[in-house]
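Once you've looked at the hints, dock chain H against the given chain V.
Sequences listed follow chains V and H, in order. The letter at position 320 of the first sequence is residue 320 when you use the numbering used here, and the numbering goes up by one with no holes. In the numbering used here, each number is its position in the second sequence, counted from 1, plus 1000.
No wet-lab data here; the hints were simulated from the structure. Treat each hint with caution, since some may be false.
[What the hints assert, rightly or not] Below, computed lysine-lysine pairings styled on BS3-like, alpha-carbon distance capped at 25 Å: (1) H:K1552 / V:K552; (2) H:K1053 / H:K1106; (3) H:K1674 / V:K552; (4) V:K211 / V:K266; (5) H:K1674 / H:K1629; (6) H:K1552 / H:K1632; (7) V:K572 / V:K363; (8) H:K1250 / H:K1235; (9) H:K1552 / V:K678; (10) V:K629 / V:K601; (11) V:K674 / H:K1552; (12) H:K1266 / V:K552; (13) H:K1211 / H:K1274; (14) V:K629 / V:K507; (15) H:K1250 / H:K1266.
[As the list claims (entries may be wrong)] Quick look at which bits of chain H chain V covers, simulated, 3 or more residues with Cβ under 8 Å: (16) 1241-1250; (17) 1511-1525; (18) 1530-1536; (19) 1649-1662.
Since the structure is predicted, the reported quantities are computational estimates derived from the model, not experimental observations. Note that CB positions come from ideal geometry on N, CA and C, so glycine has one too.
There are 2 protein chains.
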Amino acid sequence: MNNEYNCWLQERKSQAAIALLPLLNTIFAEEGALPGGGEVAVQAVEEFRRGIKRLLGFSPSVHFSQSAQAGGCGVFLGTVSRLEKIFSLSGQKQAAGGFTIRFRDKQLVIAGQDEPGLLYGVFRFLALLAMDLVHDGLEISDAPVSPLRMINHWDNLDGTIERGYAGPSLFYRNGRFDYDRQRIEDYARLLASVGINRISINNVNVRDEAKLLITEEYLGDVAALAAVFRRFGIKLFLSINFGAPWSLGKLPSADPLAPDVAAWWKERAALIYKYIPDLAGFLVKADSEGEPGPFLYNRTHADGANMLAQAVGPHGGEIIWRCFVYNCQQDWRDHSFDRARAAYDHFMPLDGAFNDNVILQIKFGPYDFQVREPVTPLFGSFSKTRHVMELQITQEYTGHQIDLCYLPWFWEDLMCFDTAQGPASRISELVGPYSGGHSFIEGFAAVVNVGLDRNWTGHTLAQANLYGYGRIAWNPNLTATEIAREWSVLSFGTGPAAERIAAILLKSYPAYEKYNAPFGVCFMVTPGLHYGPNIEGYEYSRWGTYHRADAKAIGIDRTPSGTGYTSQYSAKNAAMFADPASCPENLILFFHRLRYDYKMKNGETLLQNIYDTHFEGYEEAAAMLEQWKSLKDSLEEEVYQAVLSRFERQLANAREWRDQINTYFFRKTGIADKRGRKIYD
Amino acid sequence: MNNEYNCWLQERKSQAAIALLPLLNTIFAEEGALPGGGEVAVQAVEEFRRGIKRLLGFSPSVHFSQSAQAGGCGVFLGTVSRLEKIFSLSGQKQAAGGFTIRFRDKQLVIAGQDEPGLLYGVFRFLALLAMDLVHDGLEISDAPVSPLRMINHWDNLDGTIERGYAGPSLFYRNGRFDYDRQRIEDYARLLASVGINRISINNVNVRDEAKLLITEEYLGDVAALAAVFRRFGIKLFLSINFGAPWSLGKLPSADPLAPDVAAWWKERAALIYKYIPDLAGFLVKADSEGEPGPFLYNRTHADGANMLAQAVGPHGGEIIWRCFVYNCQQDWRDHSFDRARAAYDHFMPLDGAFNDNVILQIKFGPYDFQVREPVTPLFGSFSKTRHVMELQITQEYTGHQIDLCYLPWFWEDLMCFDTAQGPASRISELVGPYSGGHSFIEGFAAVVNVGLDRNWTGHTLAQANLYGYGRIAWNPNLTATEIAREWSVLSFGTGPAAERIAAILLKSYPAYEKYNAPFGVCFMVTPGLHYGPNIEGYEYSRWGTYHRADAKAIGIDRTPSGTGYTSQYSAKNAAMFADPASCPENLILFFHRLRYDYKMKNGETLLQNIYDTHFEGYEEAAAMLEQWKSLKDSLEEEVYQAVLSRFERQLANAREWRDQINTYFFRKTGIADKRGRKIYD
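Just chain V, with the same shape it has in the complex (with noise of 0.2 Å):
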């Protein structure tokens, strides 16, 4: 049984934890005994508790105590200083919120690193209990990979979320905070249990209202929910509005080198220091679709983030700047200049520019979100220079989580990616804490997919898709199917529906990238919504996104005779995109552009393989209902219906891309389908 609220947090009778019951009498709990607080060991214990109530159906008592004695029976939860003094806990550091799991000779010990860890321990174990996993002889140790793992909101103090396709914003309305505490605890709690770590709570393009959080008229409130995070070891972030100095200060210029502008700003911070004194800092977006930035001022993007970066810093607060700056205003007529290479353009020379504490969020891939786009070459060639990867949760232009769409199935992908940049090269083993000098991926940023639906993600599958980023934020190694598998589990149970649930989320990445834009050509979508297919809805438009599709060939030549884009990554991959023979297929039209002809790996044209793959998709997300259908009997009726209906929409959607993007092809061509299958004219 499933209740969409809860999420992969069910209520459920654990068969495991049966094995744990003659211990539930003792609970022996450290109680904020570490330097800084401790109120986050205090919520992890109390996590252990509402845990088990959750799983067994009873609260136990909890002792706090100083003696707990190493022979004893009971459960003993703590950090590793505390702990590692009764136990002989496994000698070496883990990094900060890795945590250690014993359970032998009716001892349950869960160690953290530090109180984090210890709150990340009691997740971890509690979902090994709901997996039926918990067994005597258990032993996990785990840290998570990159130390930053961070939640974008992308929410408008309207209410309205930018890309939001699940009601309306958990924290705003009517331009003022306004929200359930319960529901926000609750909110706090699922991010917490998969690793989440930091927050930011307002739009990057920072409008009316949300002008004016740095102000003492708001920070009272953002205060107010830096308390519940706090808890949960979440820090926030505020997006800020680069032009604040000048529209909300009323000083003449927001000019980073202004002295009065660095003045008001570190006047600023101090000011909101005061109020949430743990603030992790501020995230920018400058000069990018419309937003104010230094190039107003004809300074560098470096120039923007130390100025930020020196106001904020006195108080450990960091920067986190996007790379996400291009000209949105190009026009189609005009073949030199390519966006894809905008984010490596501006901001590889500034290699090294930038203060320690700030950090670069750079896009996964060049462009936006695509359902398949490269890699930025930006990764791997940054070593100076503290970064982060941007994802994207919310379903923008992967479904609106009205298509079903298990996104870790291509963040995998992304994981894979061999930037051919020095050993060990791949995205995953770039990942770790920045140590100077290596391009370490520090960890992960990700625009969010709540909102105020009761299962939170409108589609409630689509909770797989928050599940996956932070697991997948904690550890990149983790492969798609792992997290598929768990996360059924947990919100389905050990049952049988719960394999057959994992495999649908399985196919659906691949059914919805092959009913969308074919081959990496990206943005055949309705401009403006990105949601269903508009062929040429970006064609002639002021974004640079082209396709070009003419009578005999599609797609933009990037490698060295066209932009040159492909010269922006290392020589062994520029050498693999710039060959039709060794890109992979799955990326061809975003570096080539080919004749319909053009005869690929399985032999059949590139006109062949659209009208394979898109009759593909189709089939495959008729698939997917029929599959959902058979599971009827398995589930809530509620859900069942609510995800019944959105498999239905996503069938009518895959048939317009099917078709449209079929007719498109054929009515250019003239080249029916090789296999009689109905293409309109």
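Frame of chain V; chain H shown alone:
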């Protein structure tokens, strides 16, 4: 000099008026002596005084007198029935609204057939005066050819205007009536000065608060507005929601044959007419684009209209029923259905089924106010049902009052269309009072182009479209050239600038048509917005407006071998349209699917003609801009600059149209421009 606010009623010293001076000491005027009130006559006399003040600079006094003498020197304003006792006026009785102007022997006589006739006579005399066309011996009689000359407002109660391009509503704001009474009076004056006698004051899509206009909450406000227009001979229509008995009256349905529904409307009409005893009636958009209608209850449109007609009939009211009914949920894959057929297919079988006080409002073409579409086959065919032709003054598809597009140029074309049904079968010949048994078009309705912009119409030169509509509605035999000259002189004086502005107006429509969708193919426009090109914007949509361009051909075959639309016309026209050789070339892609290598009459291919017209259209837009610049020293700086900036925006729009259309077809065909002009790839 031009004060934009005053439109064609400028203040200006008139040379011709000098001759009038001796007469102005004695003005005999009839006051309120007609049955039915007299306030229009009073207003006519007031307009004479105001007009003299505009054109001579002083306000003559007016004597109301019963005893004007035949021999006396002076001005005589009155109705024929009074004045013919004094003067021998030409005996023939005129249509309602007619007038005679006679100026000789130191007597100026303006005699209206009725009070509105007097008002129109006064305005005509003032126009002649402003154009310096008054001379001793002048004698003019004129009367409107069409009894019904209507303005439609698509104003919403929130102050927005559907398809409005000149600022917010004149009437509403924030869900209430909220207007400047003086401005409404000035608006009524402008309308009356060109002969408008009906106005509908709210959007035909009746939503939100507009549904309550027929309740006592708003009826007092409606009555107050009616009072302003009444003095100018203009009667109000209200747009109503067909579903009101259900939504407002809480009845189980709005079924037109349900007795409780009919009773509800009767009662409602009685209430409305208590507030506005001379309300002209209701305007209804039913079963169209989401509006409710009789189809909901499996009733015919005659059932729906007649039921309402019976409700307003006892009060002298009429129902205007729009024929814009079509399937707006089409599937682009289905070639069998043709939206162009809809009006005829729906309404022709109902000819004769409507009550005497029902008037069908038929859009001029089968689509929706496109830049070029044929005249709908309903005209000339309908013979037993009252009807009017609907035009569009607001420039929805014709450039949003950013681009100059002088609509009377096109309307003249429509008026010249020969329906080839019976003798005297041109549209202009069909216009006249309905007499039963013959296809008379009783008049015109048109969505207006005004808003709260100081110059009323956004683009100052778009005032010519409002003026021109009034003139053509009055007399469909007037030419676009005559009207352009009249308007230009009235608006910009008798100097050389007026002639040059008239010339620009007359070039504007063909220029716009050339850079738009080619040869009547329609709907290559940005969806929703309807400004600027989007060649495949409607190609896969639900609206039924496809061109189905492929690599070889474009257009819809609407001949008997295709959708059969041509067969809705008279035999002669059906034959003309069905044969590409005789089909007018500006409509050839509306009626035919043609290969790009089809040879047009000028010996060039269709494709080359597409290229040529688009290069020409841009050049003509550029020429208009230059012509406007040459007028700099002849014009008010403010008017000059405002219009200049519109011409600059128009040129940018023309460039997008030219290049996107040409590139689109170049990409489809791979065939370059024969003359080597630049087409982007």
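Exercise. What are the numbers of the hints that this structure violates, sorted from low to high?
Worked result: Of the numbered hints, 5, 6, 8, 10, 12, 16 and 17 do not hold.
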